[in-house]
Amino acid sequence: MSAKRLALAAALCAATMFTAVSAEARTLRWARSGDALTLDPHAQNEGPTHTLNHHIYEPLVMRDRKGALVPALATSWKILDNDKSVWEFKLREGIKFHNGNPFNADDAVFSLQRAMAPSSDMKGLLTSVESVTKVNDTTIHVKTKGPNPLLVNNLTNTFIMDKEWAEANNATKPQDFKNKEENFAVRNANGTGAFVLVSREPDVRTVLKRNDNYWGKGSEVPLEISELIYTPIKSDATRVAALLSGEVDFVQDVPVQDIERLKGTQNLHVTAGPENRTIFFGMDVGSKDLKTDNVEGKNPFADKRVRQAMNMAINRAAIQRVVMRGQSVPTGVIMPPFVNGWTPELDKAPTPDVNRAKAMLAEAGYPQGFQITLNCPNDRYINDEGICQAVVGMLGQIGIKTNLVSQSKTLHFPLVQKNPPETEFFLIGWGVPTFDSEYIFSFLYHTRDAKFGSWNALRLSDTELDKKIESLSSETDAAKRNGMIAEIWKKLQDETYYLPIHHQQLAYAMKANLDVPVDPENQPKLKYVSFKGM
Amino acid sequence: MFAYILRSLLQGAVVLIAVAFIAFSMFRFVGDPVANMVGQEASMADREELTKHLGLDQPFPIQFLRFLGKAAQGDFGISYRQGRPVAAVMAERLPATVELAVLSAIFATVVGVALGVYAAIRRHGLVANAVMTLSLVGVSLPTFLIGIGLIYVFAVELRWLPSFGRGETVRLGGWTTGLLTKSGLQSLILPVLTLGFFQLTLIMRLVRSEMLEVMRSDFIRFARARGIPNRVIEFRHALRNTMIPVVTIAGLQLGSVIAFAIVTETVFQWPGLGALFVNAVQFADVPVMAAYLVFVAFVFVVVNLATDLAYLALDPRLRAAPTAAR
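Heads up: the protein sequence lines correspond to chains A and B, in order. Under numbering that gives the first Met the number 0, residues 0 to 533 are what the first sequence spells out, in order. Under numbering that gives the first Met the number 0, residues 0 to 325 are what the second sequence spells out, in order.
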């Protein structure tokens with residue numbers, strides 16, 4: 000009897016010590032405009048979905064808060080010396096999933112293969128992969144079709160699942176929309192990340208608790224939050240009100256017009272910074288004649304002078320000041336500053352000069368200007384419709400009369416994506432998840448075919464340029480490759496196929512005792528958060 | 000009576016199919032769901048494949064017939080946005096909307112009738128006139144403004160009530176309720192006021208004018224002549240006779256409160272069907288939109304039927320000569 004009592008006393012003692020060791024209970028309530036679509040890590044390649052999943056799951060390699068690649072479940076990675084088309088990943092040892100299963104090479108191989116399944120939305124990032132094989136318990140090889148120096152950049156949102164867990168719950172493939180059953184992984188999760196899923200009510204509330212066994216805990220990752228409550232609040236005014244009334248602690252998607260007011264509020268703190276996303280206009284440069292213009296028999300956009308004149312007519316500083324209330328970074332290139340290939344020279348926005356623009360337009364044979372229809376989304380980017388309205392006015396100053404059609408993103412993007420495109424002048428925004436210029440080139444400039452150019456709505460087809468772009472993907476000499484990138488940008492900047500406007504800027508608002516810097520990919524990772532003072 | 004109900008139900012089925020048809024034919028104007036369903040890295044081929052996989056490349060009549068066939072078996076498909084069965088998602092959202100709508104309807108009816116009667120009896124009183132003037136504000140102010148205004152006063156400034164969500168809920172079988180917890184009840188107050196305000200003013204004005212009408216009629220005058228006390232005349236004879244149009248309007252309003260709580264639910268991040276529908280429209284989530292619109296039609300059919308039955312209870316003349324009169 001007394002032995003039992005002793006054991007009980009010891010257990011109680013251990014329990015109290017344990018609670019004393021782990022940091023005090025601290026809840027962070029987090030709100031943003033939309034919910035993650037699913038917890039299945041491979042079913043949706045979408046920002047808010049990845050953001051939430053980053054707290055539960057981990058990829059092999061991830062980006063830290065400055066955008067640099069850092070080890071996650073892989074400790075090191077390299078291209079094999081004897082075969083340039085094979086990447087070798089060394090895996091972290093001694094890691095356990097939330098359910099206690101050990102993480103090993105089988106899980107990594109399984110997860111990458113799952114991400115390449117037909118019903119996966121991540122497969123677009125892994126098209127270069129030929130096979131994934133286990134070498135031993137802590138090593139895997141990823142073989143690509145020809146050398147791919149950037150494979151690692153594509154893996155930062157490809158999360159690793161537990162093979163046994165997925166098999167036991169019949170979730171070895173992402174949701175198929177023809178299947179009548181809900182995939183188990185949609186609302187359940189078992190990762191290795193810093194937080195463990197407690198409950199999930201889609202569109203209402205997701206509760207996570209700290210993973211006390213998290214491998215990465217240390218000076219970089221204080222992991223002070225013991226409970227994370229994630230709530231989507233769609234209405235801007237309500238979201239801001241919830242922060243003001245103290246019902247939430249941290250808010251993403253702060254409306255531009257509220258930033259100043261929140262900054263001036265006691266006990267609140269606002270952080271701002273550029274997002275990995277650039278807003279720009281594109282136009283049909285490839286057609287013989289345009290449908291929506293009033294010029295017969297030729298395409299004004301095919302003339303470089305017209306494009307340059309338009310670029311010169313846009314007053315980016317005015318857009319920044321009036322439309323964006325200062326919350327943007329005007330630019331001269333369609334590449335965010337984090338991307339390999341970006342230089343301050345490329346980024347320099349052209350000085351607006353209406354008279355010279357008019358002269359150039361006259362020189363190109365359009366002294367009276369022309370008419371054109373502009374397609375614009377009104378619910379996708381920050382103040383997207385306002386940007387379009389401003390540009391309509393600016394182009395009007397040089398005689399280009401623009402008929403503005405702005406509509407919801409579900410109607411706008413199909414115009415750009417259809418083959419052939421159904422727009423001749425359009426606004427889009429573009430982020431670069433690989434942080435490398437090649438991504439921009441192959442999606443936005445390369446001739447449209449089965450593999451490339453899915454966002455090239457310019458009808459641009461330049462075989463010489465295509466060849467240069469394709470050669471980038473297999474060039475493993477970094478210095479040589481960067482030289483090629485610079486050369487391509489030089490040509491593209493002169494051609495002015497797109498009209499860059501600005502880099503979108505993000506703002507987060509939070510309680511004064513918190514400091515969450517803006518994440519370039521808009522994926523704040525809250526394991527880094529520590530509470531100040533209090 | 001039974002035949003009457005049966006006929007109403009048959010008419011209801013026709014209404015449902017017609018609504019489904021109209022809704023379906025409008026979905027093409029909402030946009031292309033595929034653009035939202037794949038990431039920006041998807042190739043042209045991937046997009047085409049998904050379009051084909053979802054059957055979105057099929058001509059409209061075939062898509063519609065396929066939807067009808069499956070819906071008849073209770074299968075509304077998988078939500079494109081959430082990757083979950085539509086029926087399950089809607090069942091999960093229904094309790095929030097029903098609780099909000101029913102409480103708003105009760106609030107609007109009880110307070111509306113009471114104020115309406117008061118305004119009719121004390122027609123020239125100061126309070127009655129003030130209430131009437133205020134009701135004009137209720138009719139003309141948009142719902143979202145009322146909602147935001149209430150949030151700023153009661154959540155941000157006074158911090159008495161929560162600004163969003165349903166609070167803590169209790170699960171009773173397949174139903175979740177916020178009526179059993181303190182935070183759940185607190186969370187209900189502002190949305191109920193917001194959603195019920197318009198109906199309240201409507202019912203109040205209706206009751207007042209109907210009541211004034213009835214009070215002028217002969218049988219009230221005779222009742223007075225017989226020396227029946229005022230209270231009895233007002234509440235037993237006059238009020239009862241004003242109720243027929245009031246029940247019609249209140250019934251129809253209950254339908255629209257359930258169906259179109261969209262604005263209120265969005266403002267308060269209320270996890271009901273209206274908020275679900277708004278998200279579905281923005282994503283072009285066709286299965287959810289279709290199921291929601293059919294559901295709304297169903298609610299109206301049922302509410303209309305219930306309203307008709309309520310007439311029978313209120314108006315003895317209808318009971319005396321049931322279907323023969325028609």
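It should be emphasised that the hints constitute simulated quantities derived from the structure, not laboratory data. Yeah, the Cβ is synthetic: ideal placement off N, Cα and C, and Gly gets one too. Check before you lean on any hint, since a few could be wrong.
Unchecked claim - In the EDC-like style, the derived pairs of lysine to aspartate or glutamate whose C-alpha atoms are separated by at most 20 Å in a straight line are:
#: 1; chain 1: A; residue 1: K177; chain 2: B; residue 2: D74
#: 2; chain 1: A; residue 1: K142; chain 2: A; residue 2: E129
#: 3; chain 1: B; residue 1: K69; chain 2: A; residue 2: D476
#: 4; chain 1: A; residue 1: K450; chain 2: B; residue 2: D74
#: 5; chain 1: A; residue 1: K77; chain 2: A; residue 2: D493
Said to hold, decoys possible - The following label-pair restraints were derived from C-beta to C-beta distances:
#: 6; chain 1: B; residue 1: I61; chain 2: A; residue 2: T126; range: 52 to 62 Å
#: 7; chain 1: B; residue 1: M25; chain 2: A; residue 2: P343; range: 47 to 57 Å
#: 8; chain 1: B; residue 1: F59; chain 2: A; residue 2: N187; range: 51 to 61 Å
#: 9; chain 1: B; residue 1: L157; chain 2: A; residue 2: D352; range: 23 to 33 Å
#: 10; chain 1: A; residue 1: V294; chain 2: B; residue 2: I16; range: 44 to 54 Å
#: 11; chain 1: B; residue 1: R158; chain 2: A; residue 2: K208; range: 55 to 65 Å
#: 12; chain 1: A; residue 1: N187; chain 2: B; residue 2: T50; range: 26 to 36 Å
Hints violated by the structure (listed by number, smallest first)
Numbers 3, 4, 5, 6, 8, 9, 11, in rising order.
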